[in-house]
Amino acid sequence: MPDKVPKVTIEDLQPADGEERLGYWARHRFMLLIVASIIISLVMVSISLAAYNLSGTAQLDLSRPGYRSVSDQVETQNRIDGFSSFGSVSLDTIDEFIFLYDEQAEKAKAVDAFNGDPLNPEVLEFTVLDEE
Amino acid sequence: MKRILIVSLAMLLSTSMAFVAVQATRAQATLTEEQRERIVVNCVGIKNTLNRLKVSDALLRVNRGQIYESMRGKLMEPFNDRLGNNSLDNRGLVAATKSYNIELSAFRSDYQSYERQLIAAIQIDCTEDPDAFHFAIENARILRQQVNDGVGRLHEYIDDYRNGVSDFRLNYERVSGDSQ
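Sequence order for the protein chains is A and B.
Residue numbering for the first sequence follows the working numbering, beginning at 13 and increasing consecutively.
Residue numbering for the second sequence follows the working numbering, beginning at 2 and increasing consecutively.
Just chain A, same shape as in the assembly (with noise of 0.2 Å):
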């Protein structure tokens, strides 16, 4: 059977007489292809830490390396449905309303968040020499 895959040796690959050769950026293109790709996604991933970082989502990621003990905490159970922003308005959506709102209002009042004093140097100082 006839070898039909034509034979490309690297001496075809040279230029021939007359032909001019290939440039250093030609030659390397591939190296730069891989630099410039490299080069590219470290860039995107610092904009998109840096994104992560300033507009507060880290603050709400809890699976963050110290924050995954309570990650199974977060409360799930409180959703609500929401009001419909269509339909008409008449004294019973309005009080259907109020309703969903107390609700809420209850909850979201319920707890007086980051209250207390846990950070008064002096208490944090003295609890901790009294505890140990």
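25 Å max Cα-Cα, derived PhoX-like pairs, lysine-lysine:
hint	chain 1	residue 1	chain 2	residue 2
1	B	K99	A	K121
2	B	K75	A	K119
3	A	K121	B	K75
4	A	K119	B	K55
5	A	K121	B	K55
6	B	K99	A	K119
7	B	K99	B	K75
To give a feel for the contact side, a few chain B residues facing chain A, derived at Cβ under 7 Å:
hint	residue
8	A59
9	L61
10	V63
11	R65
12	I68
13	S71
14	M72
15	K75
16	F80
17	R83
18	N87
19	E116
20	H135
21	V148
22	H156
Residues of chain B clear of chain A, computed beta-carbon distances all greater than 12 Å:
hint	residue
23	R92
24	G93
25	A96
26	K99
27	S100
28	N102
29	I103
30	D126
31	E129
32	D130
Keep in mind the hints are simulated off the structure, nothing from the lab.
Glycine included, every Cβ here is placed at the ideal spot set by N, Cα and C.
Given the structure of chain A, go ahead and fit chain B onto it with the hints provided.
Chain B alone, transformed into the frame defined by chain A:
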């Protein structure tokens, strides 16, 4: 004239620098030797307490934040839109929502600042630099208080909006003649 101006500027600059230096010294001076020693001795324990507080506050931020966000996104805004879609006067409620929204943004950024400061405090080596550690905790304490103040204001805006809805209901009842 130019010389007087330069001398005046130099005096002003040196006075302000001296003032800043005095303030810094005064702040540093508030830490006694006993406190310093106490921090060094209890360094690990204090850091554990701070780490626990950091985690519990993060959970609190997520859970409270969800409720505050849903008040706005699922209740206030849809109700305002519904009134607007029916050509009813919702300006008072829109203004209350706007105020709530501004406070909610402040809550987010205040918490962000607080968490950063708390992490910065935890990262300080308290055995090496108890003074910096102490003042970093003081700053975190102030920022945490700001978050708590913001929470109080959010609760006030929630009440304001509720009062606005009650007023709207009264007006609507009077104008429409619809009664229950």
